[in-house]
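*Asks:* Chain by chain, the residues:
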Amino acid sequence: MAETAQPQFLVRGINLAGAPDTAKVKKTKVEGLVKRTSFIVLGVYLLALASLFGTNFFFAARLSTLARTGETLKSQIKALSQTETLLQTVKNRTDLASSAIDTSPQAPDRLLAQVSTMLPPGGQIAEVTAQKDKFNVSVTLPDSQTLSVFLKNVTTSQFSSIELQSLTLNTTGNYTVAVQIK
Amino acid sequence: MSTFSENTNIESLENDVAGKLRSYSLPLTVFVVIAILSFTAGRYVVNNIFSLKDQASQLSSENGGLEQKRQKLTSMDKNVLTRQAQVSVLAIPRENSGLTALSAVRSQAFEKGIDLTSLKLSEVEGSQRGGKEIGIQIEVSGTLGNILEFVQNLEKSAPIVRLSKVHMVGLGEKVQTDLELKTFWATLPKNLPPVTTPVVLLSKKDEELLREMEQLNATTLSNVTPASASARDNPFE
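In order, the protein sequences belong to chains A and B. Reminder that position 98 of the first sequence reads as 98 in this note's numbering, one-by-one numbering, no gaps. Reminder that position 211 of the second sequence reads as 211 in this note's numbering, one-by-one numbering, no gaps.
Calculated from the structure, these hints are not laboratory results. We treat Cβ as the ideally placed atom computed from N, Cα and C, and that holds for glycine. You may find that some hints are simply not true.
Here are the computed lysine-lysine pairs in the DSBU-like style, where the Cα-Cα straight-line distance is at most 35 Å [said to hold, decoys possible]:
| # | chain 1 | residue 1 | chain 2 | residue 2 |
| --- | --- | --- | --- | --- |
| 1 | B | K174 | A | K91 |
| 2 | B | K72 | A | K74 |
| 3 | B | K132 | A | K134 |
| 4 | B | K165 | A | K182 |
| 5 | B | K165 | A | K132 |
| 6 | B | K205 | A | K74 |
| 7 | A | K91 | B | K156 |
| 8 | B | K112 | A | K152 |
| 9 | B | K53 | A | K74 |
| 10 | A | K182 | B | K204 |
| 11 | A | K132 | B | K120 |
| 12 | B | K165 | A | K134 |
| 13 | A | K132 | B | K205 |
| 14 | B | K182 | A | K78 |
| 15 | B | K78 | A | K74 |
Going by beta-carbon spacing under 7 Å, a handful of chain B positions derived as facing chain A [to be verified]:
| # | residue |
| --- | --- |
| 16 | A35 |
| 17 | S88 |
| 18 | G135 |
| 19 | V175 |
Take a look, some chain A residues computed to stay more than 12 Å from chain B by CB distance [to be verified]:
| # | residue |
| --- | --- |
| 20 | E31 |
| 21 | T65 |
| 22 | D143 |
| 23 | S144 |
| 24 | V149 |
| 25 | Q158 |
With the sequences and hints as input, model every part of the structure.
*Replies:* In structure tokens form, the structure reads like this:
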């Protein structure tokens with residue numbers, strides 16, 4: 001008996017569960033994305049936190065190194081304390097000397113030294129008063145020629161202000177000149 | 001009394017909310033964990049980093065200053081400094097210089113043939129900047145040239161003596177002079193400044209002053225020799 005041909009049927013898939021709910025599928029996809037994103041965000045945050053701790057550790061180590069270097073330098077400087085003491089002594093003395101030594105042209109010693117340069121031969125000191133910012137000179141001169149030499153010496157000196165206070169001719173023929181110099 | 005349909009609506013709403021909560025439980029948990037970590041560990045670490053950074057910057061600057069100070073001190077010649085210290089302390093002694101200055105005055109007066117008629121020593125009030133001033137008032141008579149040389153020589157001697165006032169009255173060839181001089185002394189610095197204080201080297205003006213001080217002639221205190229015995233047997237006669 002010949003086998004009968006089996007009927008050929010094209011069977012398509014039959015979704016016995018019915019058509020899928022697209023909204024539910026979308027919702028499931030979103031939930032999955034949110035979960036994955038959450039893990040990623042947490043991972044990145046923990047990485048950032050770990051790098052902050054690393055930075056903290058780096059600065060702490062740097063501070064420790066700097067502190068050690070500072071202590072070494074301080075002990076080296078303390079070893080040079082004798083040199084520093086000598087320097088402090090010299091500096092102290094030069095500071096005191098700079099205020100003690102008056103180097104201005106109006107210093108009394110400099111004013112006094114001027115007296116001998118201004119006085120011509122034959123002239124004599126009558127009176128001299130020299131102190132800081134005040135210099136009065138009174139001299140006795142034998143004749144008018146010596147007088148003009150003295151006045152020339154005074155006017156060509158370094159002083160900026162020269163005031164003739166008195167000029168007298170006494171009975172012996174001597175001139176007495178008094179000037180105030182600043 | 002609620003109906004069956006109302007109860008069913010409430011139940012389904014509750015189920016809906018619970019379902020949504022379950023869906024978003026993980027991101028919510030992550031958010032909470034991040035918030036807690038940020039407010040605790042995160043904030044502490046960030047504050048600590050800024051604090052450490054400031055401290056490191058300060059220490060670095062301080063170490064720079066210390067290194068400069070070390071280099072300056074190392075570069076100085078200790079022998080030169082010792083010599084400068086000796087010269088400067090001779091010029092401005094650490095003890096009262098009145099007697100030494102007085103010795104210089106008498107010695108110079110004798111050398112220049114000047115008559116020293118009056119002598120007075122006093123400490124000047126209100127001396128400046130940690131130093132002390134001793135005032136010396138003297139009356140001398142001699143020629144103008146000798147008196148001027150006397151003053152100039154005094155000013156070339158150590159300790160430092162400076163003329164502050166002079167009043168001369170001429171008496172023919174001779175001049176009667178009242179001189180006011182000043183000499184100086186000061187105690188030495190007792191303590192070094194803190195190690196972090198920068199060191200100040202000697203300036204040009206300091207070097208010039210030191211050169212001037214080196215030119216000064218040191219005065220030694222002269223000894224008083226006892227007078228020889230009287231030739232008279234009875235000194236009261």
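*Asks:* Against each hint, give a clear statement of whether it holds in the structure.
*Replies:* Hints, one by one, checked against the model:
1. K174/B to K91/A: violated (43 Å)
2. K72/B to K74/A: Answer holds: K72/B to K74/A is near 14 Å, not above 35 Å.
3. K132/B to K134/A: holds (25 Å)
4. K165/B to K182/A: It holds: about 15 Å lies between the C-alpha atoms, which stays within 35 Å.
5. K165/B to K132/A: holds (7 Å)
6. K205/B to K74/A: holds (30 Å)
7. K91/A to K156/B: holds (21 Å)
8. K112/B to K152/A: Measuring from Cα to Cα gives roughly 31 Å; hence the hint holds.
9. K53/B to K74/A: holds (22 Å)
10. K182/A to K204/B: holds (29 Å)
11. K132/A to K120/B: holds (21 Å)
12. K165/B to K134/A: holds (10 Å)
13. K132/A to K205/B: With a Cα-Cα distance of about 22 Å, the restraint between K132/A and K205/B holds, given a limit of 35 Å.
14. K182/B to K78/A: It is violated: about 38 Å lies between the C-alpha atoms, which goes past 35 Å.
15. K78/B to K74/A: holds (20 Å)
16. A35: violated (10 Å)
17. S88: holds (3 Å)
18. G135: G135/B check fails; min Cβ-Cβ to chain A is 13 Å, beyond 7 Å.
19. V175: holds (5 Å)
20. E31: Since the minimum Cβ distance to chain B is about 5 Å, E31/A lies within 12 Å and the statement is violated.
21. T65: violated (9 Å)
22. D143: holds (17 Å)
23. S144: Non-interface label on S144/A holds, nearest chain B Cβ at 20 Å vs cutoff 12 Å.
24. V149: Consistent with the label, V149/A stays out of reach of chain B, its closest Cβ about 17 Å off (over 12 Å).
25. Q158: Its Cβ never comes within 12 Å of chain B, the nearest being 17 Å, so this holds.
Violated hints for the displayed structure, listed by number in ascending order: 1, 14, 16, 18, 20 and 21.
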